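Colleague: Numbering (the working numbering), first residue to last: 1 to 118.
Because the hints were derived from the structure by calculation, they are not lab data.
Predicted model only: the values in this text are computed from it and were never measured.
Be aware that a few hints might be false.
Unchecked claim - With beta-carbon atoms standing in for the labels, derived distance ranges:
no.	residue 1	residue 2	range
1	49	92	33 to 41 Å
2	69	95	45 to 53 Å
3	63	98	38 to 46 Å
Quick reminder that beta carbons are idealized off the backbone N, C-alpha and C, glycines included.
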Amino acid sequence: MAGSSEPTPMIHGSTPEHLFGPVIGWRPVVWPLLSVLAALVFQTAGADWPTYRADYARSGATTEQPTLPLAPAWTFQSPHLPQPAWSGEAKADLYSKVFDLRHRQTFDKAFHVAIAGG
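Let the sequences and hints guide you as you build the complete structure.
Modeller: Right, dumping it as structure tokens:
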């Protein structure tokens, strides 16, 4: 075999068609990638504000810069006035064994905005 002109046999599985399927061109790959890139670059939704005052630290701050002039994007008119989630004050903190608690503050005097997902 040392001087034969026979072609070297191909090892099964060494062709691109076997590994990746038929070669169909670059378009089916490029258009989805460009779509994802465009969605990331031209994203119009603002950052989430998922809880009262934006985050669990209640900072009320965001890194976004508002575009001026500001205008309302939506309004909400509730059919009911805000009211506390429960009536009266807590009588005791049984876990800490503190009894005769005094009413300190009502947190439900307004509706608070929470926005997620755009």
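Colleague: Going through the numbered hints above, which ones does this structure break? Give me the numbers in ascending order.
Modeller: none
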